[in-house]
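J.: Please work from the sequences and hints to get the whole structure.
There are 2 protein chains.
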Amino acid sequence: MKRNTYLTLLPPEEARANWFSCLDAKAFALGEERIPLAQALRRVLSRPVAALRSSPAFHGAAMDGIAVHAEDTFTASARTPLRLKLGEQAHWINTGHPLPLGCNAVVMMENINTETEKDSQGESQWAVIEKAAFPWQHVRKMGEDMVATEIILPPGTCIGPYDLGALAAGGALEVPVFRRPRVSIIPSGSEIVPLVDAREEDLRAGRVLPEFNSLIFSAMITEAGGEAATLPVVPDDPEAIRAAIASAIATADMVILNAGSSAGSHDFTAHVLGQMGTVVTHGISVMPGKPTVLAVVNGKPVVGVPGYPVSAGISMEEFVLPLLALWQKRAMSERQKITAVPCNPLPSRPGMEERLRVKLGCVGDTVVAVPLPRGAGTITSLSRADGIIRIPRDSEGCNAGEPVTVELLRPATALAGALLAIGSHDNTLDLLDSMLRKAHPQFRLTSAHVGSLGGIMALKRGQCHLAGSHLLDPASGVYNRKAIEDNLEEPTVLLRLVDREQGILTAPGNPLGINGIEDLARPGVRFINRQRGSGTRVLLDYRLSCLGIAPTSINGYRDEEYTHMNVAAAVLSGRVDAGLAVRAAANALGLPFTPIGVEEYDLVIPRRFFDGDAVQALLDVIRSEAFRQTVEGMGGYGTEKTGQVIWEYAGK
Amino acid sequence: MKRNTYLTLLPPEEARANWFSCLDAKAFALGEERIPLAQALRRVLSRPVAALRSSPAFHGAAMDGIAVHAEDTFTASARTPLRLKLGEQAHWINTGHPLPLGCNAVVMMENINTETEKDSQGESQWAVIEKAAFPWQHVRKMGEDMVATEIILPPGTCIGPYDLGALAAGGALEVPVFRRPRVSIIPSGSEIVPLVDAREEDLRAGRVLPEFNSLIFSAMITEAGGEAATLPVVPDDPEAIRAAIASAIATADMVILNAGSSAGSHDFTAHVLGQMGTVVTHGISVMPGKPTVLAVVNGKPVVGVPGYPVSAGISMEEFVLPLLALWQKRAMSERQKITAVPCNPLPSRPGMEERLRVKLGCVGDTVVAVPLPRGAGTITSLSRADGIIRIPRDSEGCNAGEPVTVELLRPATALAGALLAIGSHDNTLDLLDSMLRKAHPQFRLTSAHVGSLGGIMALKRGQCHLAGSHLLDPASGVYNRKAIEDNLEEPTVLLRLVDREQGILTAPGNPLGINGIEDLARPGVRFINRQRGSGTRVLLDYRLSCLGIAPTSINGYRDEEYTHMNVAAAVLSGRVDAGLAVRAAANALGLPFTPIGVEEYDLVIPRRFFDGDAVQALLDVIRSEAFRQTVEGMGGYGTEKTGQVIWEYAGK
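Heads up: the sequence lines are chains H and W, in that order. Residue 60 in numbering that gives the first Met the number 0 sits at position 61 of the first sequence, with consecutive numbering throughout. Residue 64 in numbering that gives the first Met the number 0 sits at position 65 of the second sequence, with consecutive numbering throughout.
Honestly, I wouldn't trust all of these hints.
Identical copies look the same in the list; a pair holds intra-copy or inter-copy alike.
As the list claims (entries may be wrong) - Using 20 Å as the maximum straight-line C-alpha spacing, the simulated DMTMM-like pairs for lysine to aspartate or glutamate come out as follows:
#1 K640 - E624
#2 K84 - D364
#3 K130 - E70
#4 K459 - D610
Don't read these hints as lab results, they were simulated from the structure.
T.: What follows is the structure, encoded as structure tokens:
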């Protein structure tokens with residue numbers, strides 16, 4: 000097989016600088032346009048805007064009252080009140096109205112008495128004041144806010160709501176802004192089909208891959224002030240790719256080719272771009288994101304963006320967004336940084352910078368970072384992430400508990416309300432999170448899945464607020480209490496979340512007729528186990544010993560998966576014939592389910608967190624009728640004791 | 000005159016809670032709608048979205064190479080390489096493609112050698128490997144990212160680019176989102192005309208006021224996820240206002256009435272709303288923002304928003320935006336907070352919380368806050384602000400140098416590049432800022448105007464990076480050096496920015512024939528002076544003493560204005576006959592200008608800042624041909640020595 004090779008891998012900042020320096024000066028001078036103010040929200044000013052008029056445009060009253068000539072009032076005092084004839088020396092005036100000629104001050108309504116006088120010429124009105132007015136008191140002077148010709152806003156301003164007001168006050172009804180940079184996106188790949196055209200059976204068979212990176216890119220480009228156009232999908236064919244780029248580059252300011260930027264035999268991006276122009280960089284020293292191609296064709300920028308969505312996102316953030324900012328003369332907005340402590344060690348390969356997506360929670364005074372899956376293909380590791388940890392090129396990673404810098408993807412204030420749950424996973428935790436957010440938008444439940452015992456150990460290290468657990472003590476037949484007594488020191492509450500059915504998952508139709516634990520030991524049955532420390536494995540071992548079956552007699556007892564869902568996936572894909580999991584996992588993938596028993600799935604919550612607002616809000620939800628009903632509707636759950644405090648552990 | 004009265008002034012959080020509690024439950028249940036994913040950017044999920052399909056949908060290769068059955072490879076080692084027949088025991092595979100049936104691992108291209116063998120049955124290809132593959136290595140397993148039925152995103156999620164990707168991966172091609180809350184804006188006021196209809200001569204005469212608050216409100220509502228509609232302007236007439244509200248409330252989720260919310264005789268908002276429904280609050284204990292009316296009509300929320308733009312902004316932020324957030328079950332995003340030191344004392348009235356807009360600069364290790372004008376009508380105090388200081392109700396303000404909390408309106412990172420200039424104002428400083436931002440988007444020049452001597456005193460206190468100054472020493476006739484020697488201790492550079500013409504401004508047509516300093520002392524001439532410590536006043540005093548004219552002989556010598564522009568405005572408005580200012584101020588308002596001399600306007604820059612990147616970038620701009628040409632074009636400036644270091648002060 001023919002393969003390409005990467006050029007030397009460059010750090011992104013270096014790659015970016017090289018690339019920018021190869022672009023035509025012309026490619027940097029984005030055009031401008033004048034647009035009506037009403038359309039200018041979040042556009043970027045291309046030049047300074049000066050006030051065309053002064054604001055206010057006249058001397059106006061800043062209070063309701065009477066307009067006077069201040070010098071006329073200098074004799075007024077409490078002992079010698081001054082009478083001013085209304086209509087002559089004093090004039091009623093409302094806030095915002097122009098001062099009559101000759102007036103230079105306003106006396107507030109509250110400080111005026113009125114008198115009516117009748118004489119030979121008829122009736123006249125007088126205002127009586129007991130205090131002198133100083134010149135220009137309660138007057139908004141002409142030009143107080145801005146004077147004509149003054150610069151209202153500098154170029155590079157991204158126009159916000161108040162900026163619109165300032166521009167309007169200065170009479171700038173049209174404003175000069177940078178034209179939106181036009182970015183054309185070319186999806187490529189022979190199996191790629193537009194998202195809406197992907198049929199389920201073709202997807203499952205791997206015959207087609209749905210294209211949705213362009214959706215992500217378009218959104219990123221739009222938010223960065225650009226205009227994105229997604230072109231039709233191009234097959235893995237150098238000629239077709241060449242033609243698509245040539246056509247796109249004729250009108251776009253920048254072209255994105257996705258994917259084919261790697262070094263595989265079907266990866267033509269670097270090759271084709273090298274023929275059409277100059278490949279400045281192929282390969283950057285960042286994971287994910289490595290297979291990025293930076294090129295210049297006809298003086299214009301072309302980016303080969305990797306296919307995996309996480310790699311693609313980093314390539315977009317490192318190269319496409321900075322160029323969009325530069326075009327609009329804007330500084331890139333940097334993410335807020337905080338210090339956090341990872342809950343496990345984070346090993347990393349030296350020579351490559353790694354960007355790890357993490358969830359975050361404030362546990363006591365510490366911000367704890369829980370790493371999300373590292374794979375470049377796990378888009379949920381971005382959508383679920385609260386922050387990013389950069390492990391530098393020269394590092395082999397960081398140890399658990401060692402403080403690291405995290406770039407925040409959400410406002411720091413959003414973290415304050417996050418309850419961090421580490422432990423066994425159950426689908427009801429996601430439901431809880433959703434219902435908690437709806438009822439109490441200031442709180443959220445963030446969960447990470449390491450198995451029941453792993454969660455209790457995280458509690459012991461002070462790294463989470465609560466842990467989901469279903470650990471059966473085989474000696475007593477009692478759930479969770481022994482694990483808490485054995486491991487935790489602080490007072491802790493054991494709260495029932497749900498009772499849940501565990502059972503055996505088999506292939507559709509259950510062709511091998513597996514109907515109980517004893518069938519797992521039958522010859523020819525391939526089984527998949529859960530990892531040590533998981534409640535499900537403990538349950539299996541307990542049942543096996545009750546039945547007097549030796550674990551070694553089960554084919555596959557030593558093979559481990561880490562979640563219920565992964566067990567279900569292993570069964571569905573035909574890799575194994577049976578596995579143990581909750582009914583929800585069977586339901587999710589439409590697999591037959593043979594119940595083997597009901598277990599107690601509890602939340603383990605240290606007392607100091609239990610009494611806090613966030614856990615109390617969570618309790619409200621757990622104890623709500625809506626939660627019970629929804630859980631019951633999911634199948635495989637019992638809610639008889641849901642929300643009950645099962646046990647209070649005094650600590651030691 | 001008939002006047003309304005405020006109800007008891009309430010703190011905003013209390014007013015908000017009261018108001019929310021009076022709304023119909025119905026008014027809180029915003030509808031939902033299902034929209035295509037491609038239109039979902041920044042919409043808010045109304046319910047959890049579960050994956051309709053697993054992602055990946057099949058076991059696929061994570062690398063280019065060969066797909067194998069791992070158990071077949073267990074004997075492979077460097078000493079005993081293993082040969083696998085291609086097409087039977089091993090299969091070429093590209094990244095992303097599905098594993099052939101029976102395969103459960105991928106061996107990377109880099110670790111494979113190939114051999115060709117010819118025998119009786121023809122030619123066959125073999126892959127040779129020297130290392131065993133472990134099961135599922137380099138395989139993206141089905142459901143690795145998400146498994147069908149799993150919750151992808153919880154309700155309340157404001158959908159960002161990566162969220163679009165996650166939803167797409169899970170097959171959610173349509174998503175349930177909250178309907179956008181509809182907000183109708185009714186501008187009111189008999190003099191109010193839509194911005195685009197305001198004629199210049201009517202504005203100047205105060206016959207009309209341009210309406211632009213609706214532009215600000217619409218933008219704020221749009222950014223908060225709502226849908227804004229601005230209705231026609233309604234005159235100050237209770238019946239017309241009533242009709243407009245009744246019609247708007249029929250279709251809108253919320254109505255904003257602007258203005259008429261104060262307690263003046265033409266302020267009908269509270270009165271009309273009281274008749275139509277319930278006024279929950281009239282008046283909040285915050286400045287600006289006090290004259291806010293919170294009402295409920297037909298169970299729906301109606302807000303009377305004050306007319307001054309700064310008051311209006313605070314009313315929007317305190318009441319309208321939180322309700323929009325609540326409707327969409329989102330937590331309000333809070334502003335980042337930092338600690339800063341105000342450069343002057345900030346007195347405030349107890350009993351009212353005050354929100355002061357400030358500019359910020361990082362000077363050494365200190366963030367310095369420079370207050371902007373406090374008037375509720377100065378929209379530029381919002382558009383120019385970097386942050387907001389809240390002075391609590393129970394405080395009389397804060398002292399200069401006393402640390403205070405500032406809520407940031409711009410990212411903290413934007414502050415790092417801000418050069419803070421405090422001192423004499425000149426229009427070329429705004430020009431410099433604009434050109435600096437264009438050439439170096441990471442830097443900006445923030446300036447505050449307190450006169451020349453005030454700037455040098457700010458430098459002395461370490462509160463700014465540089466000061467504009469034009470202080471003539473009458474004894475020597477030399478500019479700025481003596482003031483530096485008298486006041487500063489650290490090594491400092493004196494850099495010429497511009498030479499500029501000072502002169503006498505007179506009313507259009509110069510009806511009194513004022514042609515020189517000596518004419519200012521003529522009987523019947525009303526003069527306006529600048530404040531003590533300003534370079535312009537020092538210049539006047541110097542010229543008067545040269546001519547032997549006693550200051551006391553000038554009518555108005557004791558009346559002070561604080562800026563060139565204010566002097567020009569005083570002359571234009573007919574308040575005085577003459578004043579002293581730079582030619583630019585005369586040009587700005589079209590006033591006759593009689594030059595009296597050229598003065599030196601310099602930048603005073605401590606050496607430690609002079610050598611920094613930001614000042615060096617500023618120097619690049621000052622010394623550029625473009626800056627010189629633009630300054631020359633403004634009139635009244637000389638640039639012969641622009642950018643030259645005039646003097647280096649060694650300090651003491």
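J.: Each of the hints needs a verdict: does it hold here or not?
T.: We went through each hint and held it up to the structure:
In the homo-oligomer, the alpha carbons of K640 and E624 lie at most 20 Å apart inside one protomer (13 Å), although the nearest pairing across protomers, at 80 Å, exceeds that limit. In this assembly of identical chains, the alpha carbons of K84 and D364 never lie at most 20 Å apart, being 69 Å within a copy and 59 Å across copies at closest. In this homomeric assembly, K130 and E70 come within 20 Å of each other (Cα to Cα) only inside a single copy, at 12 Å, whereas the closest approach across copies is 101 Å. In this homomeric assembly, K459 and D610 come within 20 Å of each other (Cα to Cα) only inside a single copy, at 18 Å, whereas the closest approach across copies is 53 Å.
The structure fails to meet hint 2 from the earlier list, while all remaining hints are met.
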